[in-house]
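Use the sequences and the hints to build the structure in full.
Number of protein chains: 2
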Amino acid sequence: MRYVYPFREGDGSDRRLLGGKGAGLCEMTRLGLPVPPGFVITTTACKRYYEGRKGLPKGVMKQAAAGIRRMEKETGKKWGSPRDPLLVSVRSGAAISMPGMMDTVLNLGLNDETVAGLSSSSGDERFAWDSYRRFVQLFGKVVFGADDSRFEAMLARARKEEGADDDSGIGAAALKKLVRAFKAECRRASGRAFPSDPGEQLELAVRAVFESWSGERAKVYREKNGITRDIADGTAVNVVAMVFGNMGGDSATGVVFTRSPGDGSRRLYGEYLVNAQGEDVVAGARTGSPIAELKKAMPAPYGQLERTCARLERHYREPQDIEFTIERGTFYLLQTRSAKMNAAAMVRTSVEMKSERLISRDRALARLDPAMLEQLLHRTIDPQAARGARRLAAGIAASPGAASGEAIFDTRRAAELGAAGRDVILVREETRPEDVPAFFEAAGILTSRGGKTSHAAVVARGMGKPCVVGCSSLAIGTSSFRAGGATIREGDQITIDGSTGAVYAGRMPTVEPKMTEHFRTVMSWAQKAKRLGVRANADTPEAARLARRLGAGGIGLCRTERMFNGADRIGTFVEMIMAPDGASRARSLKKLGALQRRDFAGIFRAMAGLTVTIRLLDPPLHEFLPDPAELESRIRRMESGGGRGLAAARKMLARARELAETNPMMGHRGVRVGVTYPEIYRMQVRAVFDALASQKGKAARPQVMVPQVCGTGELEHVRQIFDEERRDAERRHGRRLNVAFGTMIEVVRAALVAGDLAGTAEFFSFGTNDLTQGTFSFSREDVEAKFLPEYVEKEILERNPFQSLDADGVGRLVRMGTEAGRKARRGMEVGICGEHGGDPGSIRFCHEAGLSYVSASPHRIPIAIVAAAQAAIAAGAGRRSRAR
Amino acid sequence: MRYVYPFREGDGSDRRLLGGKGAGLCEMTRLGLPVPPGFVITTTACKRYYEGRKGLPKGVMKQAAAGIRRMEKETGKKWGSPRDPLLVSVRSGAAISMPGMMDTVLNLGLNDETVAGLSSSSGDERFAWDSYRRFVQLFGKVVFGADDSRFEAMLARARKEEGADDDSGIGAAALKKLVRAFKAECRRASGRAFPSDPGEQLELAVRAVFESWSGERAKVYREKNGITRDIADGTAVNVVAMVFGNMGGDSATGVVFTRSPGDGSRRLYGEYLVNAQGEDVVAGARTGSPIAELKKAMPAPYGQLERTCARLERHYREPQDIEFTIERGTFYLLQTRSAKMNAAAMVRTSVEMKSERLISRDRALARLDPAMLEQLLHRTIDPQAARGARRLAAGIAASPGAASGEAIFDTRRAAELGAAGRDVILVREETRPEDVPAFFEAAGILTSRGGKTSHAAVVARGMGKPCVVGCSSLAIGTSSFRAGGATIREGDQITIDGSTGAVYAGRMPTVEPKMTEHFRTVMSWAQKAKRLGVRANADTPEAARLARRLGAGGIGLCRTERMFNGADRIGTFVEMIMAPDGASRARSLKKLGALQRRDFAGIFRAMAGLTVTIRLLDPPLHEFLPDPAELESRIRRMESGGGRGLAAARKMLARARELAETNPMMGHRGVRVGVTYPEIYRMQVRAVFDALASQKGKAARPQVMVPQVCGTGELEHVRQIFDEERRDAERRHGRRLNVAFGTMIEVVRAALVAGDLAGTAEFFSFGTNDLTQGTFSFSREDVEAKFLPEYVEKEILERNPFQSLDADGVGRLVRMGTEAGRKARRGMEVGICGEHGGDPGSIRFCHEAGLSYVSASPHRIPIAIVAAAQAAIAAGAGRRSRAR
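Chains as they are written, first to last, in this note's numbering: chain A, 145 to 1028; chain G, 145 to 1028.
Honestly, the hints are just simulated from the structure, not real lab data.
Watch out, some of these pointers could steer you wrong.
When chains are identical, the list treats them as one kind, so a pair holds in a single copy or across two.
Calculated lysine-lysine pairs in the DSSO-like style (CA-CA distance at most 30 angstroms, straight line) [claimed, not checked]:
| id | residue 1 | residue 2 |
| --- | --- | --- |
| 1 | Lys967 | Lys672 |
| 2 | Lys938 | Lys967 |
| 3 | Lys484 | Lys672 |
| 4 | Lys930 | Lys734 |
| 5 | Lys198 | Lys363 |
Note that this is a predicted model, so its numbers are computed, not measured.
Here it is as C-alpha cells:
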C-alpha cells in the first residue's frame, strides 16, 4: 500500500487522498513554482491509524524515510547531519480546510549536533539556536502536550533579562539556556527524555498530527461546518524541507490573498514580516506590514509573488490565499488554497472574474455559497461597534437581521407597546400561536428554548423579523432575565442579531443592507440558469412585496391562519371557536371572511400576474386559545380578586380542555377541522373567490390547497365545498373565476395514494416539514431540543432532516408521490413548501426529482434562486460528462 | 337496461344484483320449490334512483307492468280486477341481509273495488277487509310516513268496541270503518287522497322501498355492521304474488331455522301462527306456537316443510332461516337465507355438517365468523340474570369477559385492595401507564373516556382483563360516579361485561366458558389449514401459558415496559429515572435487571421450544412518572399540610417537566431512549442472555427487537451493545447463547429503508399500530374520540384504520418493507404485532402479503388461527379458480 507521495508525484486534483494542502503543494510543484521539496503522507494512512487502534500502518515510516532520502538529493542537505542538516516542517492538511484546528511542527530534525551544523551552514549561531528553541517549544506542546504558557513565561523572563523588546533581541547564549530549560519542561510533561534522533522525532510528529484529527477542537469544527466522514475522514501529513524567513533582513514570511477577502477588489491583500517564521504571522505576536510595502522593500521577490498570484488564479480560477517565505532573497511558496471571503467579496469576485474571462457564467454561479447571501439582505450590527460591545449571551440564529428595543416579557404588553410605535424585543422562554399578535408588533424576538424550527423561529422567519432562539444561558423571569452576570429588566434596551445569535445589552448601531450592482448581476444570471421555479412563503402583502423584490416567482405557501392571529382579529377567531351555536359561529365567520377577503386582495395585488397558493386553515383550534395552565392561574387570580370575566374564562378553560390533545401534531387539525367544521373552509374559499373578483387589471392566479390530507375522501369533501362556492361566486360576480384546487402532500399516506389524489387535485405541494415528522415519527419541537443533536454527533443520522431533506426516506416519498401524481395527471405542477425550500442541498434534490418549484421564506429567496441555478448547472455538467 | 327479472329468469347466485331475498326467491323457483310468482327490481335500479336525484330510472315501471302481466298469467288472477284481483307484496332486500331495517308493503293492489273481488274470490268478507285494513295501515306508514301509533290507537278502540281479545275478533263492518278512518289518517299525513290505482300504488311503494335504503335506521345498521358501498349499494325490490296465511284455520304462517341457532343441534326450530300474516309473527303481536306442533296440526304441509328444509340445506350447504305461509292447506315458501346463529351453534354446525358430509373441511372453516369465537372464551354474565338486571350504562366493549367487584376510584387503593385479595373494578376517566400496577390487581377496568385502542383497552387486552372503556354517560368524581340515575360510591359492588360494554350495579352471576369438543375440532382443522404463523402478544408467564393453551405458536411481542409497571418494581424504575448520577442509575438498573431476568426466565419456561420476541423499552421515560398536574396538586397539599417528601416531590415534578413533550408519540422514546441511555438497553439485553442461560431442558428461542427504529444508524448502535453483551454472557456462562436480533418496522422511514435495515436485522416485526399513526398522522388517542367516527360515517374513510389494516397506505409500506427486506436477506422472518394481528381482515392481508406470522392478544389467538386458515383457503380457492 502506498502511503507516501513526493510532491512531484502526487495528483494535485486528489484532495481526498492528499488533503488540501498536500494537493496544492503537488500541483504547484507540477506547475514549476518554487515549492521546497517534500512529500505527503496520505489521509488513508490516517484512516488506517484510527481503524487499527492507533498504530501507524505498516510501511508508512519506511516510505517516509525514502521520501527524506529524496529530499536530501534535491536539497543537497543531510538528514541528521552535524554539518548541513536537512530540517523539515510537519504539517497537517485534511481534504477540507480546517484552519488552525490541527497541529504542525516546524524545524524538525534539530538536536544538539545538527544545531551546530545549521549554525555553520547559515553562518548565524543565533538563528540556529532560535530555530532550535522554536522546535523544542512546538514539539513539546504538540507531541508531549506540554503547557505552552510555561514556555512563554520562560521566554518572557529571558527577554527581560536580555532587555529585549521582542524575541529577536534574545542572544544565542540565552537561547541555549532556554533550549535546556524547554527540554526539561518537556521531560516534566512526558516523563521521558527529549528525542534527539530525527527519525524518532518525525514518527512522533506524524502520530501527533494524526491525533490532532480527533482532538476536541477539530471535532467541534467539523460538526459545526457539516464536515462529515463522507467528505473528509482523516488528515494528510505534509513533510516539507524547511526554508527560513528568519535568516536576517533579506528574509521574510507572509500571507497574501490574490483579491481582497473584505470587498473582493482585485489587488493583493495581506501582510508580511521581515526576519520571521510563518508562525509569527499567524500567531499575531508581531504586527505585519501591508503587503504593498514589500514591493519597495524586496522588489524582486515581490515581482515573483505578483506573477505567482496571477498564475495560481488562472490555474485554479478562484482567488487564492497563499503562504510564502523569502529566504535570503529567494522566494518560496508554502501553501495555496481558495480564499475564504465574505458575501460581498464572494459576489464581486464572481462578477469580476467573469468579466475578466477567467471563469464562465456557470462557474461564477457554481462557486457561490448560497447560504452566505443572507448576509447581504439584512440590517446588521455595525462591525465597528460590535467589536467592543458587551455580548450577554449567544443563542441560535433563527431569523436573520439585527434589531434593538426594550426587552418586554409579557406578550400582551409587547403587542401594545409595539402597536404604540415603541421598539420592542419580545423575550420569552418559548412562544405559542397565541403570542403571534406580539410578533407582528415586535422589532425582534428572543427565546431561551427551542431550535431553528421552533414556533418562534418559524413564525419570525415567515414575517422576516430578526429572531434568536434557544438562548439557554438566559434565566428568564416574569419581568427580567439574567445573563452573563447582568440583569436586564423590563424596558431595558437590548439588541439581538438574528444572523449570528448574539444578544447585547443596550442599543447597538446597525447598518442598512445594500443590494449592490454585483448582487443584482449574479441574481439575474441565476434566474436565467435555473430550471426550478422559486416561490415564497408569504402571508401578508408586505412579505409578498419583499419576496417579489427579491425575485420570487409567486407565492407557494400563504398560511391563512397567520392572518387570524393579527391583534385585530384573534378575538373574532376565538369568538368563533367559543360560539355556543351555529348562528353565532356564522356571525363570527362572516366577520372573519370580510377580513380575509381584504387580506387576500392585498396579496393578490402585490403578486399581480403570478401564482398565489393559499393553504386553508391548518392548526388545531386549541392553538388559538390560551394555554390551559395559564387560564387556570388567571381564573385562580380572578377568584381571589373579583369576578369580572370569571364565567367567560371558565367557559374558555372548559373549551380549551375539551379541545386539548395528547399529540396535537397528529390530532384534530388541517382538513380534519375542515371536515368537522365545513363552514370554516367555506368561508375561506369564498373569501378567495371574492378577493379575486375584486381585482382590477392584471390579476394574480390564486390556487387553494388543502392541508393534512390523507386520502381522496377528505379531498373530495372539500372539493365539493369549493365547487359550490365557485358556482355561487361566479353567479354573484357574473364572470368566470379561475382558481386551481390542489392538495398538500404532507401526510405520509397522501404520498402513497398520490395517484388517486391527482384525480381530484390539480396540483400538489409537498409539505416536507410535516412529511419529515411523519416519516421519522419525530416531533420537531420535541426532538430538536432532546436527542437530534446527539444523533448527528454520534453520526446515527448524517444531518438534521428538518434542515436538509432526507433523500432516502422523505425524498423517496416525494419521488413516489410526484411520479404517481403525474402519471394520473400529465405535467401536473408539483412543488414543495416549508423550511427545506430554502436549503441548498434540498433544492438540489428537488431539481433532480423534477419538481416544478420550491417555496421558501422571503429572505431565503435569493439563496433558493442561486441554489436552483447551481442544481441546473450541476445536472447539465453531469449530463455533459455522461454524454462524453 | 334491464331492471326487472321474473323469479324464473333471475340468476340465484347474483345477490349483488338481485339482493339476498330476490336471489333466494329466484333460486328456489329454479329448484321447483313452491314460491308464489313474482319478480325482482334490481339493486341497480335503486343505485340509479339515487344517482338521478331520486327519479325512478326510465323503463322500470314499464318492465314492472310486464312482470305483473306475467304474474296474472301464472296465477290466473287479474291486476285491479273487481272479481279475482291479483294482490302483491312489495319487499325490500339488499345484497347483505339487513333484517327489519327497510320497508315492506303487503296486500298491495287493494282498493274499494278489488276488495270486493277478494271478498268474493275468498268467500270471506272479513278476511278481505282485514287485508285491506292491513294494506292501508302499512302503506300509510311506509309511503306517507303516517304515525303508526295513531292507527294502533284506532285499532285498539275498535277491539274494545267489538269486545275482541285480538284483531281477529274485529268484524267486517268495524274493519270497513277502520279502513275509512285509516285513509283519512293517510290524507292528513300526506295531504293527498289515498291512491286507488294499483299501478300508482306499486310505483309509490317501490319508491318508498328505495327511500328506506337511506333511512336513518338502515344507515346506522350498515355502519355498525361494516356494510360498505363496495359490498352493497342499494336494495332490490321483490314484488311477490300475495298468498294468505290469514284465510282461516287451515292457513298459517311461520319462520323456521333448519338447525337451532341457539345450540346448533339438528332439528327444526321456529314458530308459526294459525290464521295470520307474516307481519304478525315478526311483530310479535301474537305469540307463535313451536314449530313441532305444526306436525300434528297440519301434517301434510309440515312434511313439505321438512323436505324443503333438507333440500335447501343440501343446496345452500348452510343452515337456513325460512319464511313460509300455508294458504288453505297449500304450502308456500316466501324467503330463505343463511341462518344467523350464536358462536356455539356456528361451531357445532360446522363440525356436524362436515361429519354429515354436507360440507368439506375447508367450507366448515370458511363459514365461521372468527370474531364470534371470542364469545366462547370468556366468563359471561348469566343470560338468565342479565335479563332482569339493572344496566347502569353501556360503553365500548374493550376487552372481553365479565367481572364483578368493588368500584375503586384511586389507583393506589385499587392496587392495595386487589393485592389484599379483594375483587376490585378500577374506575377512572382514563388511565395512564402509572396506573398499570392497579391493572395487575384489579378484576376489571372501567373508564369513561377513550376508544378501543386507548391505553386502558390495550393494556387490559394484553393482560386478558375484562374492560369497558369510553362509557361517556358516567359522571366520575373522586370517589363515586353517577349513571342511569344511580350513584355508585367507592366500595359499592358493580359488574362490567367487556364483551358487550354493559355496566351493572351489584354483583351479577357469571358463567364459566367451556371449551367444547366442537370448538377443539374446528381449531385443530384451522391449525392444519393455515399457512401464517400465529403468535401472541404476552408480557407475563400467565399470559404466555394462556396463549399457548389457546394455540399460539410463540410470542411475537413481549413488551418489557409492562414488567416495569408491576407494583414491586415501578418504584425502582422511577428511582432509575430520577438517579442524580451514573452510579445510582447503575444501582437501580442492576436491581431491575435481576427482576427482568426472572420475568424472562418464567416466560421462556412457558414457551419452551417456541420463539419469544422481546421488544426493548419503548415508551418515553416520562410515562413512568406521575402526571405533572397531579404532582403539582400533591405538592400544593404537602405545602399546606407539612413537608414530608416535599423536596422529593418537587424534584420529581422538575424531572417530569424536563421530560415532558408536546407530542410524546413522536418524541424521545423507543430506540431514541436506547441511544441516549444505552445502559437501559444493555441491562435488558443482558437479562435476556442470562435468562436463556438459566433454562434447563428444551429452551425457548428468544429474539430481541428494537422499537421505533428509523434507520441503520440506530440499529447498528444497539446491535453493538447486543453483540458485546452476547460475548460477555457467553464467556460468563461458558456456552453459546443463540438470540436473534431484529427490528420493529413501525416508523414509516424504516419501511422505506428496510433493505438497509436487513443488513443488520435478522428479522422484521411490523408494528402496525404506530405505522398507522405515522402513515395517517393520526394520533390514535386523539382522533378515535374526535373525528374518526365522523370520517367513517361520512365515508371519508371506509373503516377505522386502527381496527382494520389500511391496505392502500399502511399495507403498501408493509409490502414494500417485506420485499426489500427479503431481497437483502433471503427468507427473512417478517411478522406483524399489535392490534391488527387479531383482526380477520388484516390477517387476510398479512397472508396475501406473504408475512411469516401475526401476533395477537392471547384471547384473539383462536380468531387469528381461524382467520389465517380462511385466508389460506381463500387463496387456495383463488389459485384453483385461476388455474381453471
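Now the hints, each set against the structure:
1. Lys967 with Lys672: Classified as within: same-chain Cα gap 29 angstroms, cross-chain 44 angstroms, threshold 30 angstroms.
2. Lys938 with Lys967: For Lys938 and Lys967, only the inter-copy Cα distance (29 angstroms) is at most 30 angstroms; the intra-copy one is 41 angstroms.
3. Lys484 with Lys672: The answer is within: 27 angstroms in one copy meets 30 angstroms, while 73 angstroms across copies does not.
4. Lys930 with Lys734: between (43 angstroms within a copy, 26 angstroms between copies)
5. Lys198 with Lys363: Cα proximity of Lys198 and Lys363: one copy only (17 angstroms, versus 74 angstroms across).
Violated hints are absent here; each numbered hint is respected by the structure.
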